[in-house]
Amino acid sequence: MIQIGKTLLSEDIIEKEFVCNLSACKGACCIDGDAGAPLSKEELPILEKVYSKIESFLTNSGKKAIEEQGLFTKNEFGEYETTLVDGKDCAYVIFDEHKTALCAIEEAYNQGIVDWKKPISCHLYPIRVQDYTEFSAINYHKWEICDDACSLGKELQVPVYKFVKQALIRKFGEDWYSELEKTAEEYLKFKKQ
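Everything in the sequence shown is counted per the working numbering, starting at 26 for the first residue and increasing by one.
Everything labelled a hint here was simulated from the structure, so no lab data went into it.
Source: prediction; values computed, not measured.
With a Cα cut of at most 25 angstroms, we get these calculated DSS-like pairs of lysine-lysine: (1) Lys89 / Lys74; (2) Lys207 / Lys31; (3) Lys167 / Lys190; (4) Lys66 / Lys88; (5) Lys88 / Lys99; (6) Lys190 / Lys179; (7) Lys51 / Lys143; (8) Lys78 / Lys142; (9) Lys41 / Lys216; (10) Lys113 / Lys66; (11) Lys88 / Lys78; (12) Lys190 / Lys217; (13) Lys51 / Lys142; (14) Lys216 / Lys167; (15) Lys88 / Lys124; (16) Lys190 / Lys142; (17) Lys51 / Lys124; (18) Lys143 / Lys167; (19) Lys74 / Lys99; (20) Lys143 / Lys66; (21) Lys99 / Lys113; (22) Lys143 / Lys99; (23) Lys179 / Lys217; (24) Lys190 / Lys214.
Construct all of the structure, not just a fragment, from the sequences and the given hints.
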């Protein structure tokens with residue numbers, strides 16, 4: 026583990042390579058799995074605020090799931106997540122003409138309708154952050170549906186931390202990210218010795 030301020034990082038975010046390959050996976054992370062995207066308590070009022078502006082982007086099944094379950098749900102551990110359609114697809118997922126899953130919230134953001142890009146957990150993926158009282162643990166999440174992203178990352182030589190640069194800056198700030206870049210360079214030099 027590598028420490029930067031009050032964060033502990035897995036070496037995997039420096040060593041592993043990753044670049045989303047939507048043409049290959051079709052956005053499977055938004056429609057596979059058995060849990061919604063993690064939401065922080067701070068994000069709940071934001072979702073409530075933007076919902077009326079993003080509702081028109083949603084699929085009918087997404088709207089129905091939200092009407093029945095709410096804008097978000099709480100899991101058995103008391104953690105908040107995005108609502109699911111039939112226990113699978115994120116209720117906020119939409120599809121483009123190639124049947125690639127996209128985020129309705131992000132689409133509204135891209136069109137300048139809302140000023141919230143999407144949940145930070147989605148923006149950070151494949152990094153998962155677990156906040157504790159004294160520190161945050163930052164880990165690389167390996168999922169077989171992202172094998173094409175790992176292959177593309179390796180081909181393009183893009184480490185995980187560089188792929189999610191904007192999300193990490195959004196979560197931890199510019200200074201923290203600059204420190205991560207320096208630490209990563211030193212770590213890789215040391216590893217080559």
